[in-house]
Amino acid sequence: MEYMGNKNYWDEKFFNRSDKLLTPEKLLVQSIKYFKKGTVLDIACGDGRNTIFLIENGFRVTGIDFSSKALNRLERFAKRKNYLVNTKQIDLSIDGSLDHIGIFDNIVINHYRLNKKQLKNLKNHLTDNGILFICGFGDNNKVDSKFRKEDLIKLTDFEDINKSFQLINYIENQDERGTVLTYIFRKIKA
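Using my numbering, read the sequence shown as starting at 360 and increasing by one per residue.
Note that these hints are calculated values from the structure, not bench results.
It is possible that some hints are incorrect.
Estimated spans, in silico, between C-beta atoms of each pair [as the list claims (entries may be wrong)]: (1) G417 x T382: 29 to 35 angstroms; (2) K548 x I391: 33 to 39 angstroms; (3) G455 x Q533: 35 to 41 angstroms; (4) Q533 x Y393: 18 to 24 angstroms; (5) K548 x K475: 30 to 36 angstroms; (6) K508 x N488: 31 to 37 angstroms; (7) K385 x N499: 18 to 24 angstroms; (8) K476 x N499: 22 to 28 angstroms; (9) K475 x N441: 36 to 42 angstroms; (10) K385 x I462: 24 to 30 angstroms; (11) K522 x T382: 33 to 39 angstroms; (12) K513 x E415: 42 to 48 angstroms; (13) Y442 x Q533: 31 to 37 angstroms; (14) K475 x G397: 22 to 28 angstroms.
Backbone N, C-alpha and C define an ideal beta-carbon position, used for all residues, glycine too.
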């Protein structure tokens with residue numbers, strides 16, 4: 360199964376999901392204290408479980424995903440609560456897809472693995488001292504029908520961003536889904 364990059368898989372999953380918003384990522388909830396007040400770019404936001412949580416905590420959020428079904432659900436959830444959310448359909452597998460996304464105070468990447476070039480380029484989309492929150496399945500999870508090797512986060516993913524970002528927190532958590540890694544970086548002032 361192509362877990363991360365299969366648009367049809369995700370469109371079908373979001374189409375068939377109940378009309379109830381899932382709870383936000385537990386590790387994001389626990390880590391919000393690190394976030395800089397202001398704006399957030401939620402990369403691969405899905406149907407917005409984290410986006411809505413961030414809005415409820417006073418952030419202005421732009422959610423991007425390649426699934427139109429996910430973004431439609433996010434917009435519906437936001438409308439029900441009279442929240443303002445900016446959404447953009449972006450295919451992250453296309454080189455340069457984030458080039459013109461703008462500048463934010465925080466960037467959230469939850470359960471999606473950007474390539475090294477995209478990660479390195481995120482410095483251009485964060486304000487000084489901005490926070491980069493990355494949470495996903497670690498490379499010590501077993502590769503099987505649930506996880507592809509290329510979807511699992513590795514420490515070496517971050518070796519090209521060390522000059523622009525300081526790691527301020529690292530959490531390794533084991534739950535029913537497997538090993539979940541969280542990296543919280545702060546952009547170093549230019």
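To see whether the hints hold, each was checked on the structure:
The hinted range of 29 to 35 angstroms is not satisfied by G417 and T382, whose Cβ atoms lie roughly 19 angstroms apart. Under the hint 33 to 39 angstroms, the C-beta atoms of K548 and I391, about 22 angstroms apart, miss the expected range. Distance hint check for G455 and Q533: the Cβ-Cβ separation is about 36 angstroms, which falls inside the suggested range of 35 to 41 angstroms. About 22 angstroms separates the C-beta atoms of Q533 and Y393, a value consistent with the hinted range of 18 to 24 angstroms.
The hinted window of 30 to 36 angstroms between K548 and K475 is violated, with their beta carbons roughly 23 angstroms apart. For the hinted restraint 31 to 37 angstroms between K508 and N488, the CB-CB distance of approximately 34 angstroms keeps it satisfied. With their beta carbons about 19 angstroms apart, K385 and N499 fall inside the hinted range of 18 to 24 angstroms. Range check, K476 to N499: about 24 angstroms between beta-carbon atoms, so the 22 to 28 angstroms window is met.
Roughly 40 angstroms separates the CB atoms of K475 and N441, a value that falls within the hinted 36 to 42 angstroms. Taking the beta carbon of each, K385 and I462 are about 28 angstroms apart, inside 24 to 30 angstroms as hinted. For the pair K522 and T382, the supplied restraint of 33 to 39 angstroms holds, since their beta-carbon distance comes to about 36 angstroms. Taken as a hint, the range 42 to 48 angstroms is violated for the pair K513 and E415, whose Cβ atoms sit roughly 32 angstroms apart.
The hinted window of 31 to 37 angstroms between Y442 and Q533 holds, with their beta carbons roughly 33 angstroms apart. In this structure, K475 and G397 meet the distance hint of 22 to 28 angstroms, their C-beta atoms being roughly 27 angstroms apart.
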